[in-house]
Structure formats: C-alpha cells, structure tokens
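Trainee: Model the placement of chains B and C on the given structure of chain A, informed by the hints.
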Amino acid sequence: MKKKKETQKIVFKTEKDFPLMPMSVGSMLYNKTGAWRNIRPVIDLKKCIQCGICWKFCPDVSIYIENEWPVVDYEYCKGCGICAEECPAKCITMVEEEK
Amino acid sequence: MGNHALSFGAMLCRVQVISAYPITPQTQVVELLSEMCADKTLDAKFIKVESEHSAMAACLGASLAGARTFTATSSQGLTLMHELLHWASGGRLPVVMGNINRSMAPGWSIWSDQNDSLSQRDTGWIQFYCANNQEVLDTVIQAFKVSEKLLIPSMAVLDAFTLSHTYEVVDIPEQEKVDEYLPPFKPPIRLTPDEPHAFGGLTSPDHYFELRYKLQKDMEKAPALIEETGKEFKQKFGRFLGLVDDYCCEDADLILITSGTMGSTARVAVDELRKEGIKVGNLRIRAFRPFPFEKVREIVKNAKKIAVVDRNISYGHHGVFYQEVKSSLYGHDGCPPTFGFIAGLGGRDITPSTFREIVQYALEKKRPEEEIVWIGVKR
Amino acid sequence: MSKEKTMKLSLPEEELMNSGHLACQGCGATLAMRYVLKALGQRTALCIPACCWSVIDGPFPYSSLDVPIYHCAFETAAVSASGVKAGLEMVGDSETTVVAWAGDGGTFDIGIQALSGVAERNDDILYVCYDNEAYMNTGTQRSSATPYGAWTTTTPVKHFKNRPKKDMVAIMAAHRIPYIATASIGYPEDLVKKIKKAKEIKGTKFIHIYAPCPSGWKCRPEDTVKLSRMVVQNAIFPLYEIEWGDKYILNIKLKDKKPINDYLRLQGRFHHLSEKDIAFMQEEVDKKWERLLGFVNKCQ
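Chains as they are written, first to last, in this note's numbering: chain A, 1 to 99; chain B, 1 to 379; chain C, 1 to 300.
Misleading hints may appear alongside valid ones.
Calculated cross-link-like contacts (lysine-lysine; reagent style DSBU-like; alpha-carbon spacing at most 30 Å) [claimed, not checked]: (1) A:Lys56 <-> C:Lys287; (2) C:Lys202 <-> B:Lys40; (3) C:Lys226 <-> A:Lys90; (4) C:Lys158 <-> A:Lys56; (5) A:Lys56 <-> C:Lys218.
No lab work stands behind these hints: they were computed from the structure.
Computed from a predicted model, the values in this text were never measured in an experiment.
With the rest of the complex left out, here is chain A:
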C-alpha cells in the first residue's frame, strides 16, 4: 500500500510551456513536507495492536500500511502528533528531531 508516485518540481522556460489557463499539470508530492517538523513519531511495533487508528487519523497521509503494520513516511510527516495522541496502545512516541 505504499505510495509509489514520485514527482518533480515543474519549471517553465518560456510562455509556450505554460498551459492556456492556470491549471495544475503536476502533483504536490514533489513537496517534501517532512522538512516542516520538529518532532517525529516513532512507532514501537512490539506494543502495536494493528488497529489502524494512526493510519486513519493522519492529516498528511503519512502513515501507510505495509505487510499489515503501520509505517511512518518521514518524507512527508509534519510531526503534528495526532497519531501519538490517538494510539490506544500508546505505542507511538514523539521524539525531538536532531538537527
């Protein structure tokens, strides 16, 4: 279930490269919002009960399910902390990012 889409930043060289009206021609996936965060969620899979709640409540679609276990996509995770707050098993800890 991991997202496989990859995209590039779009640069227009001349006006001929532009579409006729302002319309999207690419995906925001190029924008790695992981750079926004100060704290990151760390899932302790030993305590995880595979309920799917962290996946469900992520506003940034940054928790995906792989082989029946949740995985954080650190490229996009903004560190909001909802997953840690909502986890019923309390197996997610928010950890300071190291700079």
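Mentor: Then chains B and C, alone, in the frame of chain A:
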C-alpha cells in the same frame, strides 16, 4: 424584437446551459429561452438563478465542464457580474452573453447608454456593438465561433428599447447551415475526473504574468479572426460581419465615428447631408474589443476631420470611443483634428438632427475648442 | 512483532488525497477532505471557493488531489457546482458527483445567497461545509460560524464574539432539501457513511463537518481529533441527520452529556472567558440540545 433575436441566436447555436436572471430590458431574452427549453425547441438546461452574479458563476462552471453556455443581462446585472467577467477571460471560458446597454443607477434608468458595457472594457471580453436586430442574431452565431476558437468570452451589445424592444424583420438562418458554420463545442481541456486538473489555483508572480501575456496574444488574433469569420458568414448567409461598418468614408471630409443604433441613425444623417453637398461619412465601430486599430487608421487617414460620438462618458476623462480612437491614431500618419461629442446619456434620443448639429459644429471649428462637446444638454 | 493478524481498516483504503499539501500541522480540514474523498471515489469534481483549501491544495501548477478541482469565486461555491453539474450532464457525464467544498465563511456568510438559491431549486449537488469557525485562510477573523465567546482577530478578547453561532443546519432545513447531516472528523466512519448515503440521493445535500484549526483556535495540533470527539460528546456539535427538512434522526445519543468546560480549556481562543461566561454558554448548549431532542422525539 432585438431581445428575441438574441434568444433565436442562442437557440440556433444549440447552447447547452443557460443561466440568467431577469432585468429590464432583458427579460424577454430569458423568457423566450425558457419557453424554448420547456418545449424542447432547445435542448438545454436553464438554471434559474437568484442573481446575475450567480448567473455568470453557473455559466463559468458549465463552460469549464465543456458545455456551450449563454446568458444575458443589462446595466446593474452586468456590473454585479463584474468580478466574474474577469474570471471568464482569465479562465479562458468562451461564454457568450447578450448585454442590453442600459444606464447605471442612481437614479433608476431603464433607458439606453453605453456606460455599463464600456466600464467592462478591461475585463478581457470581446465586445460587439449591434445596430439592428438582424445583426444581433448574426452576432451571437459569430461570437460563439470566435470565442470558441480563441477561448475568450464575448458579448453582443444592443441598445435598451431602441433595439431590445423594437420589432424588425429578421431572417432566421436555417439550423443546418448554422450547424455547418458553427460545429459543436469541443474544448481542448475540460473539467473531468478522466483527466483531473485543478483549475485556477494560487498563482505566484513567477507565473501569472505569462498566463496574462497569453490571453493578450490570443486577443490580438481576434481582429483577423472576426474579419475571417465575418467573410465566411457572408458566404453562408449573405451578410458580412466585420470589425467596422463604414459608409461613405472614402471621399469624406468629415467622418463620424459611432457605435450601436446611433450608428445606423448616422447613415440617415449622412444621406441627408450628402444631398446638401456636405461630404460626410460614418464609421460605425462594431467590434470595440479587440479595438480595430488598423481599420480605423486606414479609414480615417484621408479625412480632414473626425467627429466621435459617445453615448457614454468616463468621468474625469472623456467619452470612451473618443479616447480609444484618439489613442489609436497617435503617432501615425493621418491623424486629423478629432472632435469628441457626448450625446444620448440616460436614453435621451439621438436623431438625425443630433448629427446635423454635430456635423455643423465640427465643420465650423478648425480644431476642437473644448475637450468635451455636450450635445443636447439643457444649459 | 508478535501476532501476525490482518489489519481491518474501518474506512475505504484508496487515498485520493496525496501528501505534500500545504495544510498546517494537525489540520482538521484535511482530514475532512481525506474522508469525504474516500467515501465518494475518483468520479468526483470539486468546486472550491476562497478558503483554506484554495491554498492547501497547492499552488499552480500543482495539485494534491486526484480529482478535478474548479477554484471558483468566493461567493459562488454552490452555484458553480450547479453549473458544473449541468455542464457535465449536457456533455454526457451524469456519473460524476459534483461537490461544492467550502469553509464556513463561504457558506454561512458570503456564500449563503448562492447556497440558498441552489437549495431552493434543489439542484443536484453535494454541498460540504468544513467548519473551522472563522475566516482562517485570511488569518482568523470572525465569521457567523464563530461560536459565542471565541477570540478572533476581529473579536478581540475585550470584545469577544457575543453573538451565537449561526444555525446553518436550521436554515438549510427550512429549504426542505432531501438530506442534511452534521459530521465530525472525530467520527470518520459516521462521516463516510453519511457521504455515501448523500451520494445516492438526487437533489441538494448539505453536510456540515466540524473541522478544528489548531492555528486559529490556539490549541495543540495533536488535539484535533480529540476535540472533534469532545464537541459531539458535550452536545455543542451533535451528530444528526435531517431528511426533507423535517425528519430528524439523531446518530449519537448521549447517555451522559459532558460539560463544555474541558473542551473550552483545551483551546486558547476561549481562555479569557469568566466563570459567568462559561455558565451562560453551558446553558445555551443545554437549551439547544433539548430543542434538538424535541425535534427528534417528534419524529419517532
């Protein structure tokens, strides 16, 4: 009546979505279209919105989805739509609209002058000013052809009551011929989940400029396209629809520049004056946007004087046609003394004697002595 | 990693919203969009007026959604959706669900005229209002959806909002449209169920979604989902449906209604309130709840 000519024009063009709000003197346009949709003479959806702003909004949505759309309005309604007129041109949506030129309030006036449509001149719409009901019907058809080719919206403008409510004999083209002239609307891009795009999102200074550059560049193709589609129209239907309608200008000493119905009144005046030996001609500007620079320069270059008659005024400056004509001649050879007259605001009649007064003034003076010459104001 | 069980997800798996969007950390509006798109599927078209989502989706030339979007003028969400629906039908597409996706500003205030027109005509669109209770996109100015007592930049603490939240659901009910529902991102399964139900109905459907805004409410981003549950449990934002303007169905019956205090304490925008203010607000919530129960009971 002129209003019905708009309805028939829209019907023949097989418009698919109509969204309009009634306003005097446009009501008959939408009433007839309503009937046509109800009895299936026209296979279209008619969204009976609660304001003109919503009328244009619905048209834009439908046009983006790929449907041919039409609406009609006047003065207060047109100005209520103003924000969305910019949206139509910037969004490259080929909506066609009939606008009945009606004076702006206050005080409430339902009679004709051009301030409403001219104050929309910067919104990026193509504007055609019509002088008779036949032209109204024909213009709707040509407008769709031009708009859909360039993806720029256009409006067919007619005078309140003088044209909207006057009955004239009009030749209604055959549907098959119209279908040949105007094929179905097939936009290159439209809103569909099959190819998802986000239309009109946040556009930074890095991008906005080029998008607007493209709009202007396409607008610059419009004069040639209008002449071309006008010639095609003549071939199919026997009537030429060009950028201008010039009458007796080749050898004229004085050329009147007019628009709308006063443009056809001016012809009567020209005929009368010519009989008296005065070499006067009439240049009726039909396409105001895009402004027909080349045509105007070409036609007036041998005249000794020009008299521009405006049924509008841009307060703090002058009549709009006067400003635009003068600026088109600036720096070019053949820039004769240009007189600017304001007449007919609020629907005051413009008659052949109005033109007589104008011509007399212009012939008497070597050069304009006052910036604005008001004709008919009680002073 | 002990027992290898299969994960049973309570929501449709497919994601039509992608990462990389520009929402603040903990944004309730993005959760709302994520769930609504899961419920509707890819054959959806959105009309988004000026609101947070005009920016969240990403600037030209990008988008973060896999469905088409028409960014429309502020006042016109509802009628733009009507226009798009009419246009799509005329070009042969009657499958696509057309959704007007607006914030509280574009619904309760500047967009109310167009919405009322659409509802009165019963145009076939799904109108979703995600309510973060102020004009958040322009920096937290008050809207008519701002609740009594809240701080916003135009209702500063010395002059906090002293008018009640506009009852938009009641206004929509007066239009007698086929389906109205309230929903909260704290109850995503209920939200998805309601959207799926609305999708199958012809006519105007109005869904009012509660969507917290940590930036504007001055609350912690991690509390977004918690607040969305509390607001239902204390009856400030009960979950119910209305069919044809008079059949009321209560979705979550509250056996013991929680006091509003705990909910208010988690948000900085309410910190200036006195005991007296809170008591007044509690009284208003109780009255409103009783009134709703009255409507519901009449329909039993």
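Trainee: Hints numbered earlier in the text: which of these fail when held up against the supplied structure?
Mentor: Hints 1, 4 are the ones this structure does not satisfy, whereas the remaining hints hold.
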